[in-house]
Amino acid sequence: MISSGVLILLLDAALLFPACWAASLQPPTPAVLHKRATSKAGLAWPDGPYVDMNQYTSTGRVSWYYTWNPSPDDSATVEFVPMLWGTSQLDQWSSTINQTIEGKKVANVLGFNEPENPAQSNMTAQEGADLWRQYIEPLKTSHGVRLGTPAPDGDEAGKTWLQDWLTSCNGGCTPDFLALHWYGTDVGNFIAYINDYHYTFNLSVWVTEWACQNFVDVNSQCSADDIVSFMNQTQAYMDETEWVERYAWFGAMTQMPDGVNSKDAIMGSDGKINSLGQQYIGSTGTATISSANMAPSSLTTVLLMASLASLLHVVV
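Heads up: take any position in the sequence shown, counting from 1, add 146, and you land on the working numbering.
A couple of the hints might just be wrong.
[Stated by the list, open to error] Listed next, the in silico EDC-like pairs over lysine to aspartate or glutamate satisfying Cα-Cα at most 20 Å (straight line):
hint: 1; residue 1: Lys286; residue 2: Asp276
hint: 2; residue 1: Lys251; residue 2: Glu391
hint: 3; residue 1: Lys251; residue 2: Asp220
hint: 4; residue 1: Lys250; residue 2: Glu225
[Claimed, not checked] Simulated DEER-style distance windows between Cβ atoms:
hint: 5; residue 1: Ser288; residue 2: Thr233; range: 20 to 26 Å
hint: 6; residue 1: Ser221; residue 2: Asp310; range: 38 to 44 Å
hint: 7; residue 1: Ala303; residue 2: Thr387; range: 22 to 28 Å
hint: 8; residue 1: Arg292; residue 2: Gln238; range: 20 to 26 Å
hint: 9; residue 1: Ser408; residue 2: Leu236; range: 32 to 38 Å
hint: 10; residue 1: Thr233; residue 2: Ser421; range: 38 to 44 Å
hint: 11; residue 1: Asp310; residue 2: Ser240; range: 21 to 27 Å
hint: 12; residue 1: Gly249; residue 2: Arg292; range: 14 to 20 Å
hint: 13; residue 1: Asp237; residue 2: Gln309; range: 27 to 33 Å
hint: 14; residue 1: Ser240; residue 2: Arg292; range: 19 to 25 Å
hint: 15; residue 1: Thr387; residue 2: Ser429; range: 18 to 24 Å
None of these hints come from the bench; they were simulated from the model.
For glycine and all other residues, C-beta sits at the position ideal for the given N, C-alpha and C.
Model the full assembly from the supplied sequences, consistent with the hints where possible.
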């Protein structure tokens with residue numbers, strides 16, 4: 147057990163020497179990381195069989211997809227990950243999930259969609275815990291699948307909901323990874339966000355929705371060039387981060403939802419992959435990450451606390 151004196155010294159060090167710590171934790175200067183060779187990328191796919199998914203899998207970079215529900219696209223050739231979106235899908239889930247897991251060789255399952263959001267699955271943490279224990283947790287025992295947490299909205303209320311959910315579960319929910327959503331325009335804030343969740347919950351991460359999207363001021367959106375840079379840098383970071391297992395860009399659709407930047411789409415209105423989609427699947431360009439586009443204060447704070455937490459863990 148770490149002594150209180152050692153703990154105080156460690157905390158004092160973090161407070162007295164932030165400049166030194168920050169300097170050692172700053173993101174790298176602009177550099178080419180590598181050709182996009184990982185297969186972490188997936189598709190958040192609302193299109194069913196009406197759009198050819200195989201146009202996204204030709205490079206081998208896209209290895210999985212989900213549909214916001216328990217039903218797969220039978221024409222797909224990559225791994226399907228079913229989701230229990232919310233209470234509206236309980237009957238469908240109960241009647242199909244076991245057959246789907248066996249027939250599609252399902253290895254991973256996703257939980258509820260933005261449960262703290264009244265416009266999404268909209269449930270209390272206790273309701274989420276009760277539903278999880280009844281409909282999702284048993285799949286780990288019966289089928290050996292890995293389970294992703296409910297995916298919170300990208301604000302503080304989402305993190306609080308997830309913490310309350312785990313408390314309400316009282317040990318009866320054993321997720322294997324975090325499912326996260328994030329929308330914004332700053333690369334550094336994105337990196338800080340997923341680091342915060344990873345080190346708070348000590349779980350690996352799937353980013354199941356993310357895009358260069360301003361929900362604070364819908365009239366001030368990313369340009370096409372902004373989106374290219376944002377996707378490039380965030381993908382590069384996730385590809386190089388071991389605890390980020392998978393990710394899926396929000397935009398594999400012929401028409402983006404109201405209020406969402408249409409330039410984030412990775413396909414055209416005709417259902418054909420566009421230039422941003424080609425970038426996403428790694429058929430063009432090189433993955434790079436630049437410190438110039440990061441928010442150093444938020445990123446450094448998260449990395450500083452993560453390093454301190456790691457040090458305390460080792461000492462304990």
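Open item on the list: Quick check on a hinted range of 19 to 25 Å for serine 240 and arginine 292, using CB atoms only.
Closed with: holds, 20 Å
Open item on the list: Checking one constraint from the list: CA of lysine 251 to CA of aspartate 220, max 20 Å. Satisfied?
Closed with: This hinted pair holds, its Cα atoms lying about 13 Å apart.
Open item on the list: Tell me if the beta carbons of serine 408 and leucine 236 are separated by a distance inside 32 to 38 Å.
Closed with: Holds, since serine 408 and leucine 236 (Cβ atoms, about 33 Å apart) stay within the stated range.
- [ ] Go ahead and decide if the range 20 to 26 Å is satisfied by the Cβ distance of serine 288 to threonine 233.
- [x] holds, 22 Å
Open item on the list: Can you tell me whether the CB distance of alanine 303 to threonine 387 sits inside 22 to 28 Å?
Closed with: Roughly 25 Å apart at Cβ, these two residues keep to the hinted range, so it holds.
Open item on the list: Holds or violated: the 38 to 44 Å window for the beta-carbon distance between threonine 233 and serine 421?
Closed with: holds, 39 Å
Task: lysine 251 paired with glutamate 391 [C-alpha distance capped at 20 Å] - done: Distance ~19 Å between lysine 251 and glutamate 391 Cα, so the pair holds.
- [ ] For the range 27 to 33 Å, tell me whether the beta carbons of aspartate 237 and glutamine 309 fit it or not.
- [x] holds, 30 Å
Task: Range agreement (Cβ of aspartate 310 with Cβ of serine 221, hint 38 to 44 Å) - done: The hinted range 38 to 44 Å holds for serine 221 and aspartate 310, with Cβ atoms some 40 Å apart.
- [ ] Starting from the range 18 to 24 Å, see whether the pair threonine 387 and serine 429 falls in it by beta-carbon distance.
- [x] Between threonine 387 and serine 429, where Cβ atoms are some 22 Å apart, the hint holds.
- [ ] Take the C-alpha atoms of lysine 250 and glutamate 225, compute the straight-line distance between them, and say whether it is at most 20 Å.
- [x] Holds, because 8 Å separates the two Cα atoms, which is no more than 20 Å.
- [ ] Go ahead and decide if the range 20 to 26 Å is satisfied by the Cβ distance of arginine 292 to glutamine 238.
- [x] holds, 21 Å
Hint compliance for this structure: no hint is broken.
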